[in-house]
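Q: Each chain, letter by letter, is given below.
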Amino acid sequence: MAEQSNDQLQKDLESGEFRHGVEQRFWSLLDRAGDVLHVKFFPRTGEPFVMRLDCDGYKNQAIGGKFVDPDTRACVSSAWPSGKPPFDGWVKWAPGNLFICWPGDRYGIQHHPDWASLQLWKRSKNQLVDYLEFIRWLLWNRGSGYTGRAA
Amino acid sequence: MKITIDIEGSDGSPKSIAIDADGSETIEAIAVKAAKDLGIDPAELMDDLGTDDVLFAKQDTVDKCIRHGHKWRHRRVCIEVHYQSEPATRHFFNPKKHWRVVHEWACKHFHVAEAMCQDLELFAGSPTGPALNENQPIGESAECRVVWLAKPGPEPNG
Numbered sequence: 001m002a003e004q005s006n007d008q009l010q011k012d013l014e015s016g017e018f019r020h021g022v023e024q025r026f027w028s029l030l031d032r033a034g035d036v037l038h039v040k041f042f043p044r045t046g047e048p049f050v051m052r053l054d055c056d057g058y059k060n061q062a063i064g065g066k067f068v069d070p071d072t073r074a075c076v077s078s079a080w081p082s083g084k085p086p087f088d089g090w091v092k093w094a095p096g097n098l099f100i101c102w103p104g105d106r107y108g109i110q111h112h113p114d115w116a117s118l119q120l121w122k123r124s125k126n127q128l129v130d131y132l133e134f135i136r137w138l139l140w141n142r143g144s145g146y147t148g149r150a151a
Numbered sequence: 001m002k003i004t005i006d007i008e009g010s011d012g013s014p015k016s017i018a019i020d021a022d023g024s025e026t027i028e029a030i031a032v033k034a035a036k037d038l039g040i041d042p043a044e045l046m047d048d049l050g051t052d053d054v055l056f057a058k059q060d061t062v063d064k065c066i067r068h069g070h071k072w073r074h075r076r077v078c079i080e081v082h083y084q085s086e087p088a089t090r091h092f093f094n095p096k097k098h099w100r101v102v103h104e105w106a107c108k109h110f111h112v113a114e115a116m117c118q119d120l121e122l123f124a125g126s127p128t129g130p131a132l133n134e135n136q137p138i139g140e141s142a143e144c145r146v147v148w149l150a151k152p153g154p155e156p157n158g
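Chains as they are written, first to last, in our numbering: chain A, 1 to 151; chain B, 1 to 158.
I should point out that these hints are in silico values taken from the structure, not numbers from a laboratory. Since we're looking at a predicted model, the values are computed, not measured. Quick reminder that beta carbons are idealized off the backbone N, C-alpha and C, glycines included. A couple of the hints might just be wrong.
Just a sample of chain B residues kept apart from chain A, beta carbon distances all over 12 Å, derived [as the list claims (entries may be wrong)]: (1) Asp37; (2) Leu55; (3) Lys97; (4) Gln136; (5) Ser141.
Computed cross-link-like contacts, BS3-like style, restricted to lysine-lysine with a CA-CA straight-line distance of at most 30 Å [said to hold, decoys possible]: (6) Lys151/B with Lys92/A; (7) Lys11/A with Lys97/B; (8) Lys97/B with Lys40/A.
Now the in silico label distances, taken between C-beta atoms and shown as ranges [what the hints assert, rightly or not]: (9) Ala124/B with Lys40/A: 53 to 63 Å; (10) Ala124/B with Arg142/A: 17 to 27 Å; (11) Arg19/A with Lys71/B: 47 to 57 Å; (12) Leu30/A with Gly125/B: 20 to 30 Å; (13) Ser126/B with Ala33/A: 58 to 68 Å; (14) Thr45/A with Gly39/B: 51 to 61 Å; (15) Glu14/A with Arg100/B: 49 to 59 Å; (16) Glu17/A with Lys151/B: 13 to 23 Å; (17) Gly125/B with Asp88/A: 51 to 61 Å; (18) Arg100/B with Glu47/A: 13 to 23 Å; (19) Glu23/A with Gly39/B: 50 to 60 Å; (20) Gly39/B with Asp88/A: 47 to 57 Å; (21) Asp6/B with Cys75/A: 32 to 42 Å.
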């Protein structure tokens, strides 16, 4: 852990912006294992969601997020939120095709290679919090179209 | 009988008002009477009126409430709300209320259409500041807190 304490990811986890989200009950850090985080999101309505965040290459590449089952930590469709437009443009919860369709997400970029050149994460002062804030917006804003957990 | 109501807000020192009341009067009637002199909304006053130990209900009588003392208090917190280029407005809220109440008040105050209002959120300090959870209590503050009603979210990804 001493090794982690000086890295940028750890600094961003300890930032005021990250703590604000925790205090406001938007999210909480469940655990960190190396470059992998598990974060719990509290949506506007309904049960929390757990997301695995792959943060290797932090600051040099986009974070990759996948919603996972809170108990098994498996990435299954039933662990994902769903919604109506525009939510379904950002979040793909169909079995076998689970990813966040956003230029700031690593797996979104894999589906849309043309997004790589945007390097959206480089515009962030706090890459982690900007990612979390995007997911928060999806799960909170009435205009996002979020309706609840995928069946 | 004489009752003193202290207004504990964040707009400087507490304001205080002394009113005469009959034992049979309800809290609702007292609130209407006191609110007029204090220049505040009776519903807001009634929302948080009590002593350090107990909050009164609007149907409670003065006789019942006076057992807790002749000195009552009303707590509120100052929120300075901004929206686009409109002049900012300061308003007082019950600190136990959720931020949703501020959001709803702001949409009404700034005449934001309902469909537009649902896309907006409250942010602390600036339109790009940290978001405020509308299911969480406003909380107490010694200073007037600045919040912005603004539209968050990314550009469409299509």
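Q: Indicate, hint by hint, whether the structure satisfies it.
A: Each hint tested on the structure:
1. Against chain A, the non-interface label of Asp37/B holds: every CB pair exceeds 12 Å, the least being about 37 Å.
2. At the 12 Å boundary, the C-beta of Leu55/B stays outside the reach of chain A, the nearest C-beta of that chain being 24 Å off.
3. Once the 12 Å rule is applied to beta carbons, Lys97/B is consistent with being away from chain A; the minimum gap is 16 Å.
4. Not every beta carbon of chain A lies more than 12 Å from that of Gln136/B, the smallest distance being close to 6 Å; the non-interface claim is violated.
5. No beta-carbon of chain A comes within 12 Å of the beta-carbon of Ser141/B; the shortest separation is about 14 Å.
6. Proposed proximity of Lys151/B and Lys92/A is supported: the alpha carbons are some 24 Å apart, at most 30 Å.
7. The suggested pairing of Lys11/A with Lys97/B is violated, with an alpha-carbon distance near 33 Å, which exceeds 30 Å.
8. Of the supplied pair hints, the one linking Lys97/B and Lys40/A holds, its CA atoms being roughly 25 Å apart against a limit of 30 Å.
9. Against the hinted window of 53 to 63 Å, the Cβ-Cβ separation of Ala124/B and Lys40/A comes to about 22 Å, which falls outside the hint.
10. A beta carbon spacing of about 20 Å between Ala124/B and Arg142/A agrees with the range 17 to 27 Å that was offered as a hint.
11. As the Cβ distance of Arg19/A to Lys71/B is approximately 38 Å, the hint placing it in 47 to 57 Å is violated.
12. Remark: the range hint 20 to 30 Å for Leu30/A to Gly125/B is upheld by a beta-carbon distance near 28 Å.
13. As the Cβ distance of Ser126/B to Ala33/A is approximately 35 Å, the hint placing it in 58 to 68 Å is violated.
14. The hinted window of 51 to 61 Å between Thr45/A and Gly39/B is violated, with their beta carbons roughly 38 Å apart.
15. Checked against the hint of 49 to 59 Å, the pair Glu14/A and Arg100/B fails, with Cβ atoms roughly 30 Å apart.
16. Restraint check, Glu17/A to Lys151/B: a C-beta distance of roughly 20 Å satisfies the suggested window 13 to 23 Å.
17. Checked against the hint of 51 to 61 Å, the pair Gly125/B and Asp88/A fails, with Cβ atoms roughly 33 Å apart.
18. Checked against the hint of 13 to 23 Å, the C-beta distance between Arg100/B and Glu47/A comes to roughly 20 Å, which is consistent with it.
19. Between Glu23/A and Gly39/B the beta carbon distance is about 34 Å. The supplied range of 50 to 60 Å is therefore violated.
20. Evaluation of the 47 to 57 Å hint for Gly39/B and Asp88/A yields a pass: the beta carbon distance comes to about 50 Å.
21. A hinted range of 32 to 42 Å for the beta carbons of Asp6/B and Cys75/A is inconsistent with their spacing of about 56 Å.
The structure shown violates the earlier hints numbered 4, 7, 9, 11, 13, 14, 15, 17, 19 and 21.
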